[in-house]
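**Student:** Sequence:
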Amino acid sequence: MFRAIELDATRQRTGRELSLDADTRQGAIDALLRILETPPERAQVDPSRTLVRLEDRLWTIVAARPPADGSTVSPSVRRAGAKHKHVR
Numbered sequence: 001m002f003r004a005i006e007l008d009a010t011r012q013r014t015g016r017e018l019s020l021d022a023d024t025r026q027g028a029i030d031a032l033l034r035i036l037e038t039p040p041e042r043a044q045v046d047p048s049r050t051l052v053r054l055e056d057r058l059w060t061i062v063a064a065r066p067p068a069d070g071s072t073v074s075p076s077v078r079r080a081g082a083k084h085k086h087v088r
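Under the numbering used here, think of the first position of the sequence shown as 1, with each following residue one higher.
Just so you know, the hints here were simulated from the structure itself, not pulled from any lab data. From a predicted model like this one, the values you see are computed outputs, not experimental measurements. Wrong hints could be hidden among the right ones.
DEER-style ranges, computed between Cβ atoms [said to hold, decoys possible]:
no., residue 1, residue 2, range
1, Asp-56, Asp-23, 15 to 21 Å
2, Asp-56, Glu-17, 16 to 22 Å
3, Asp-46, Glu-17, 27 to 33 Å
4, Ala-63, Gly-15, 16 to 22 Å
Heads up, the beta-carbon is just placed ideally off N, CA and C, and yes, glycines get one too.
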């Protein structure tokens with residue numbers, strides 16, 4: 001699983017993110033190009049395969065792990081048990 005995050009010219013997030021179902025970064029890049037309906041020859045891919053430039057748009061590819069148990073529990077709720085103190 002990977003996520004593609006759109007960046008502006010100053011490399012700040014624009015707020016647009018896409019989930020990509022792929023096993024490798026190259027597969028994620030191919031999936032991004034399919035979603036955006038862009039031919040591969042119009043994309044400039046950074047050699048590390050983490051940044052993709054499509055004309056005036058930038059996309060960064062990051063790994064995204066699905067939750068181990070399949071639920072979406074916030075980190076604060078997961079840590080709640082660790083915060084309890086034993087009172088005598």
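**Student:** Tell me, in ascending order, the numbers of any earlier hints that this structure violates.
**Tutor:** Failing hints, ascending: 1 and 3.
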